[in-house]
Amino acid sequence: MSRQGLKTMDQAQTVNKELYEFKNKRVSIMNKLMPVLLLLCASVSILTTFGIVVTLITETYHFFKVIPIFDFLFGTKWSPLIPPKSFGVLPLLSGTLLITVIACLVAIPLGLASAIYLSEYAPKRVRKIIKPILEVLAGVPTIVYGYFALSLITPMIQSVFGSAGVFNALSAGIVVGIMIIPMVSSLSEDAMSAVPRSLRDGAYALGATRFEVALKIVVPAAFSGIVASAVLAFSRAIGETMIVTLAAGSTPNMTINPLDSIQTMTAYIVQVSLGDTPHGSIEYGSIFAVGMTLFVITFLLNIFAQYIARKFREEY
Amino acid sequence: MEALININKLNLFYGDFHALKDVSLTIPEKAITAFIGPSGCGKSTLLRTLNRMNDMIPGTRIEGGIAIGGTEIYSDEVDVETLRKKVGMVFQQPNPFPKSIYDNVAYGPRLHGITSKKELDEIVETSLKSAVLWDEVKDHLKRSAFGLSGGQQQRLCIARALAVNPNILLMDEATSALDPISTLKIEELAQELKDKYTIVMVTHNMHQAARVSNQTVFFLNGEVIEYSDTEKLFSNPSDQRTEDYISGRFG
Amino acid sequence: MNIFQDANRKQIAGRRRTDWLLHMLFVIATSIGVLALCALIIDILIDGIVRLQPDLFNNFPSRKADGSGMKSALVGTIYMLLIMAPISFIFGVGAAIYLEEYAKKGRLTRLIQLNISTLAGVPSIVYGILGLALFVRLLALDRSLIAGALTMTLLVLPIIIVAAQEAIRAVPRSRRDASFALGATKWQTVSRSVMPSALPGVLTGVILAMSRAIGETAPLVMIGALTYVAFLPDGLRDSFTVIPIQVYNWLSKPQIEFKELAASGIIVLLVLLLLMNFSAILLRNKYQKNV
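Chains as they are written, first to last, in this note's numbering: chain A, 1 to 316; chain B, 1 to 251; chain C, 1 to 291.
Treat the hints with care, as some may be off.
[What the hints assert, rightly or not] As a list, the in silico DSSO-like pairs of lysine-lysine whose alpha-carbon atoms are at most 27 Å apart: (1) K216(A) to K142(B); (2) K311(A) to K105(C); (3) K216(A) to K30(B); (4) K65(A) to K77(A); (5) K131(A) to K105(C); (6) K232(B) to K216(A); (7) K30(B) to K232(B); (8) K99(B) to K216(A).
Treat the hints as calculated values from the structure; they're not laboratory data. Values in this document were obtained by computation on a predicted structure and should not be read as measured data.
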């Protein structure tokens, strides 16, 4: 636009050219510099991922030079500190899985039921109060949950099951479950609220009652979102650290008895880093190998959840 | 034609808003009655009281009476689920469920307790035939209803409403989201259906009311201004406001 | 003619009963979450209220429970916040501005965006591992305040970026057009027209991210925030502790007195969180009125 404008002005001799000086150096430098600086900021996130991956791979590689990868992945005994040392990750995996399954057994039914209640049943006013309260559950620091598990849930479990120890998977699993309720409920509710009003109207107009609309129309229509929320919650439970460190114990144990003490991958990492492990030792390396396992699992689960949520969003 | 629906001094409030004012009407059986009027005049609100869809909007209050076939629909004698079974509804936007064509039509009968496969098959077929959709979909009943065109989806919704064997069919601007050809098909369908069903339609399109309906009701600001045979209302309206509206001076 | 004659009232009564039962079930399930939160708060208040005395704030931790305090932890938490807040604000908001205002909708942008949402799902302890390898060892920052703050910055960045992006996206197009139409450059438009409108939303996100950070324990355990610190950090390279670590330390001791201390430490932590969330809500409400 400016070029043509300028031509006309050249023809008109009386025009004061200074008025039409379209370049402003100071402004133009900022305008060119800022995008570069901002891109640098944005690349920090890429660098973080890069850093995580490189760190884990390098140290894990060193670890696998000493401990064969096969022994690590399929070994059934985890005894890194007490000789004879053994680095089979399965007990840590099974411990993690036990906690996660218990947590999901708590969180998925409760979270889904809460989501249905909030989205289909609750009057607006009730919903406005309950929703933020449930979301507070997600904001409570995990150390607080750890305290809650030790001081309230574990004694309750012990009074019901006499055989339960001070550290047991059940207590930690239940509390992790409570922590992830809002993940399930709020993401599922979002998915259910996204189901168009017109579908509900269609069902009501055929004489459906509320539960029929909720369970036969809304839940199926929102199913992918609900599954995605459950997968994310599952992944969150796997990565949870402080609750399991405090309440589940530190006994690598291949058991499915929820009253036993177990050790999760995360709790092991904490245990080693609390001690004074020298850099370069095999224990130090094991943190990274376990961390790598943890990272890969949660990463795949998160990608999976995003995939489900995206893939099935439109296509009912 | 016998009166099927009797509306007697009906007042409806959304909170403080007086949406329907002293509406009294009789709607004849096995005919098409059209509600017309500018948007916000209360025509859709009245339609939604006929199957009590307004119940679900918090803060709605109703005074006066609506009787269908002599039964007061807001009384304890009537379950709202049964009412809606007897008074089917088709909406502005086609709203098939995210299910197969078959399951869409079978949804209502299943709700009301029909489980036998044979019976359901029969209902699905007759309903789709009544909605003049059968020939287009009979070979892929298991396909998702979302694969149908807009007009087909709307006819599927009509089939879905017919599947629970209603007496009355409410059509809430059922063609406003459709192209002219699909609209024509639905209008023809309505003409056929009126032999068996009582049809009440809300339309923003005066020409449609003139083309399709037997009776026309003109609403303005929550009041019934004029109610008569369609032909008379459009050719010789008795109220100045009706004339202004149908001649396009407002609305 | 009564069209309701053939109504199957029994079947409908049954369906309504199911509806009522399920309704109750959903209410109960929802209240379990709420009740758990109440139980947690009451439990902590009962245990911790006795130790909530001046000693707790004035004293350093000691081997004896009586007179033991969390001065170093409280100060450590505040120092960490003071270091983190500006760094994460600059990088987080910078990244958000880039993604919303500058980035072309291409593969790189999609990659960055996908990467951010993936990072938000990485367990916090993995950030601890990264911090340990990168800041503590590679950059040889040791188990210092700055190493901890940088680790936590990486942890909260995705949260801040996403929140800031939402706030920037909420600024109406018309405001940008108005600025461009007056002859402003892109950066002038962003800095003087878009950002002032988005700022309250951005700040809300930053505060919420900070409140996430002060509750985090695992990454700091990893990078070796000490569990026993009887001094205040003096510089960026000093070792430090924070409230959750102090609570963890007290919780690992068998004596009941230390459990009470842990509970009172938690009360302090929760009050801090409450204050931060409250200010975030105030900000948000003000913001909603203005737009």
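Hint check:
1. With a CA separation close to 17 Å, the supplied pair K216(A) and K142(B) stays within the 27 Å bound.
2. Distance hint between K311(A) and K105(C) is fulfilled; the C-alpha atoms sit about 20 Å from each other, no more than 27 Å.
3. This hinted pair does not check out: K216(A) and K30(B) have alpha carbons roughly 33 Å apart, beyond 27 Å.
4. For a cut-off of 27 Å, the pair hint linking K65(A) to K77(A) stands: about 19 Å separates their Cα positions.
5. About 35 Å separates the Cα atoms of K131(A) and K105(C), which puts this hinted pair outside 27 Å; it is violated.
6. This hinted pair does not check out: K232(B) and K216(A) have alpha carbons roughly 46 Å apart, beyond 27 Å.
7. Straight-line distance between C-alpha atoms of K30(B) and K232(B) comes to about 19 Å, which keeps the hinted pair within the 27 Å bound.
8. The suggested pairing of K99(B) with K216(A) holds, with an alpha-carbon distance near 10 Å, which does not exceed 27 Å.
Hints 3, 5 and 6, counting from the list given before, are not met by this structure.
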